[in-house]
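**Q** Chains as they are written, first to last, in this note's numbering: chain A, 2 to 331; chain B, 478 to 817.
In short, the hints are calculated from the structure, not lab data.
The beta carbon of each residue, even a glycine, is placed where N, CA and C say it ideally should be.
Please note that the accuracy of each hint is not assured.
Here are some chain B residues pointing at chain A (derived, C-beta under 8 Å) [said to hold, decoys possible]:
no., residue
1, 525
2, 553
3, 555
4, 557
5, 567
6, 582
7, 587
A few chain B positions that, by computed beta-carbon distances, are all more than 12 Å from chain A [unchecked claim]:
no., residue
8, 597
9, 728
10, 795
11, 804
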Amino acid sequence: MNAALRIIRSREAVLFLVLVGLFAVMSWRVEYFLDLQNLFDQARYWVAPGLIAIAMTFIIATGGIDLSVGSILALSGIVVGLLYRDAGWPIWAAGGCAVLVAGAAGALNGLVVAYVQVPALVVTLATMTLFRGLAMGLLGKQRPVGDFPASFRWLGQGDAFPVPGSGAAPAYVPVSVIVLIIAFALGWALMRRSWVGRFTELMGENQIAAAFAGINVPALNFGLFTGCGLLCGLAGMFHTAQVNTALADTAQDMALDVVACVVIGGTRISGGHASMIGSLLGLLIIGILRFGLDLAGVPSQNTIIVIGLVLVVTAVFNEWMASRTSGEEQ
Amino acid sequence: MRALLPLLLLVIVTAAACNSGEPGASDGADGSAADTGALKVGVMPKLIGIPFFNAAQLGAEEAGEELGVDLTYDGPVTSDVTKQAQMVDSWLARRYDAIAVAPNDPDAIASVLARAKGRGVKVVTWDADSKPEVRDFFVNQCTAEGVARTLMDVMVEGIGPDGKYIIITGSLTAANQNIWMEEMEKYRRERYPDLVNLSPTPKAPGEDKAMATQVTIDSLKAYPDLDGIFAITSVALPGAAEALRKTGSADRVFLTGLATPNDMREYVKDGTVKKFVLWDVVNLGYLTTHVAVAAANGDLAPGATSFTAGRLGEVEVVGDEVILGDPLVFDIDNIDDYDF
Chain A
2 MNAALRIIRS REAVLFLVLV GLFAVMSWRV EYFLDLQNLF DQARYWVAPG
52 LIAIAMTFII ATGGIDLSVG SILALSGIVV GLLYRDAGWP IWAAGGCAVL
102 VAGAAGALNG LVVAYVQVPA LVVTLATMTL FRGLAMGLLG KQRPVGDFPA
152 SFRWLGQGDA FPVPGSGAAP AYVPVSVIVL IIAFALGWAL MRRSWVGRFT
202 ELMGENQIAA AFAGINVPAL NFGLFTGCGL LCGLAGMFHT AQVNTALADT
252 AQDMALDVVA CVVIGGTRIS GGHASMIGSL LGLLIIGILR FGLDLAGVPS
302 QNTIIVIGLV LVVTAVFNEW MASRTSGEEQ
Chain B
478 MRALLPLLLL VIVTAAACNS GEPGASDGAD GSAADTGALK VGVMPKLIGI
528 PFFNAAQLGA EEAGEELGVD LTYDGPVTSD VTKQAQMVDS WLARRYDAIA
578 VAPNDPDAIA SVLARAKGRG VKVVTWDADS KPEVRDFFVN QCTAEGVART
628 LMDVMVEGIG PDGKYIIITG SLTAANQNIW MEEMEKYRRE RYPDLVNLSP
678 TPKAPGEDKA MATQVTIDSL KAYPDLDGIF AITSVALPGA AEALRKTGSA
728 DRVFLTGLAT PNDMREYVKD GTVKKFVLWD VVNLGYLTTH VAVAAANGDL
778 APGATSFTAG RLGEVEVVGD EVILGDPLVF DIDNIDDYDF
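Take the sequences, apply the hints, and build the full model.
**A** Pasting the structure below:
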C-alpha cells in the first residue's frame, strides 16, 4: 500500500513537472506570457470547468461519468436570468434558486443511475439533451438575458486584492479564482480526509465489495450526482456573471473539457482511483497550453490538435503507470 | 522512462510554438521596436472552418497584405461566445492595436470589448453588432433598405411590375427578416404599386429546409395565379428551390431571395433559380480589415461620412457604421467566381 501511494504521489509530481516545464517554455518562448494580469484574466475562464472538475473527479472515481454538466450549467444560467429579469426576484434569491434547480437536475441523474441502475453514460447522454432543451425552451424566442447588477457581475469579473509587490500598476487576483482555489482545497479534503473519498474509491474499485462492506452504494451515487449538479449550478453563476449574459447554448463542450482535465490528472476512467490534485494540475496544464499557443499566434485548429496529442500521450502514460502500480502490488 | 511524458510534451509544444513562430518570431522583433513596427490587427469570425467565414478570411488577408499590417484571422472552432471572449483576452495580452469581432452574442461579448476599448485598443464589430458603446465602428454588410430594394428589383425583372408574389421567411420573430420585409413593402408602394403581395403575413417554416420545401409546395397549390416567390433566409431559399424542382414549376414561378452561392449553385446551374441576392463576404472581410487599420492609425475618426477602402473605393459611413454597399446579385454567369 505504501509503495502504491508513493507512485500515486509521484504521478502528481510528474504532472507538476510537466506544468513547470510548460510554464518555463512558454515564458522563454512566448512574448507577453509572463504577465500576471494576463494570466489572471485567463484564469477566470478556468473557474467554471475547474469547479465542475472537482465533482467530476468524484464521479469518474466511481467509474461513472456526467456528460450533462454543460447543459446543467446553461440551465442554471437561464433560471437566474429569467427569475431576475422577468420575475423580478432579488438577484441573490434568483441565484440561490438557480443553484437548487441545478442540484435537482443532478439529483435526477443520480436517481436514475443509482436506483434504476442505468449506466451513467447513457443517463447523462440523455439528460444532456433534456436539460439543454429545457434551457432553450425556457428562454424561448427571447433574447438571452443580459445586464445583471454589478454585485452579481463581481462574481465573474471582480478583483479581490492586488498581488503584493507587483508595483505601481498591480495585478489583481480575481474573486472567482480565489473561490476556485478554496473549492479545490475542500474537494481535496473531502476526497483524502473524509469517508466520502474513501467510500467513493472503494465503490469504483468494486461495487459489490463496497456494498458488502456496508456502504450504501445507491445513496452515495445519488449524493455524488446531486453534488455535481449543485457545483454545475455554482459554475453557472460564475460563468453567467463573467459574460454578463445568460445564454442557452453556452458551454456545449464543457463535459469533454472537464473529463479531459480529470483524466490527464490521473483519475482512472474505469473508477477506483482519484486524484484531486491531479485534476487541478490537468486544468492548469490545458489552460496554460491553450493560452500560450493562442499568445504564440498558433491558429485555433492547430491548438486543438496539440491538446488532442497531449491527451493521447497522457492516456498512454497513465495506462503505463497503472500497469506498473498493479505490478508492484502483486 | 518516467521522463517520457514531460519530454514528449515539451517537444510537442516547442515544435508547435516554433512552427507558428515565423510570424511569432517577427512579432518579437517588431515588439522590441514597437513604434516603427507594423500595426497588430486581429479579425475574429463567429467561428472558423465554415465556407462563409473562410471567404471573409480571403478578403481580410488581402487587405492585411495590402496595408502591410500584422494580421491574425482566427476564431473559436465552435460558435461559442465565451471562447470568443477568451480569445479576445489573449489578443489584449498580445497588445493588439485593433481588433474586429463578429460576435456570437451582442451582450456576452460586450464586457471584454469594453475592457479592450478601455485599454486603448480600437474595437470594430462586423457581420453582427455588439452594444454601440463598446466598439468604435460597426461594419454593416448592408442596410435593410439596400437588401429590400435589390430583392424587389430582381423580382420585377423576373415577373414584371404587375405580378403576384408571396414571401417565405424563417420565423415570424426573426428581427432582420422583419425589417427587410417592412422595407420591401415600403419600396413596393413607392416604386411598384401594381405588384401584389398575396401573403401579407409571410410563410414561416422556421430555419428548416424540409419545412421550407413543404410550405412552398403547399403555396403553389394554394395560389394558382402565383408569379413569384421571395425566400429571404439562407435556409428557406434552397428549400423553396427544392420544391420548384420537385414539382417542375420553375418555368411558371420565379424564385429569388437570400442565400449563399454554395447552397444555391446546383439550383442556378439547372435553371431552377435565375438570380438571387447576398452581400459579398470576401469584400466584407476586406472592408473590415481596412476599417480596423484605419481606426488604429487615425485615418478613420468619429464623424467621418465617407472612407476610402482600397479597391472598394469610397464607402459610406453613417454615424459609427461603415456600410459595405448594395448586395450582390448572383446568376449563372458569376456564381462560379464565389466560393462560400
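**Q** Each hint: holds or not?
**A** We went through each hint and held it up to the structure:
Here the hint on residue 525 of chain B is kept, as its CB sits about 6 Å from the closest CB of chain A, short of 8 Å. Nearest Cβ of chain A to the Cβ of residue 553 of chain B: about 6 Å, under the 8 Å cut. The hint holds. Because the beta carbon of residue 555 of chain B sits about 7 Å from the nearest beta carbon in chain A, less than 8 Å, this interface hint is met. A least Cβ separation of about 7 Å between residue 557 of chain B and chain A falls short of the 8 Å threshold, and the interface hint therefore holds.
Hint status for residue 567 of chain B relative to chain A: holds, with the closest Cβ pair at about 4 Å, below 8 Å. This hint holds: residue 582 of chain B has a C-beta 6 Å from the nearest C-beta of chain A, less than the 8 Å allowed. Given the 8 Å rule on beta carbons, the hint for residue 587 of chain B holds: about 7 Å separates it from the nearest Cβ of chain A. With a least CB separation of 14 Å from chain A, residue 597 of chain B remains clear of the 12 Å interface cut-off, as annotated.
Listed as outside the interface, residue 728 of chain B is consistent with that label: its C-beta sits roughly 38 Å from the nearest C-beta of chain A, beyond the 12 Å cut-off. With 12 Å as the threshold on Cβ separation, the claim that residue 795 of chain B sits away from chain A holds: the shortest Cβ distance comes to roughly 24 Å. With a minimum CB-CB distance of about 26 Å to chain A, residue 804 of chain B clears the 12 Å threshold, and the non-interface call stands.
Violation of the numbered hints given earlier is absent; every hint is satisfied by the structure.
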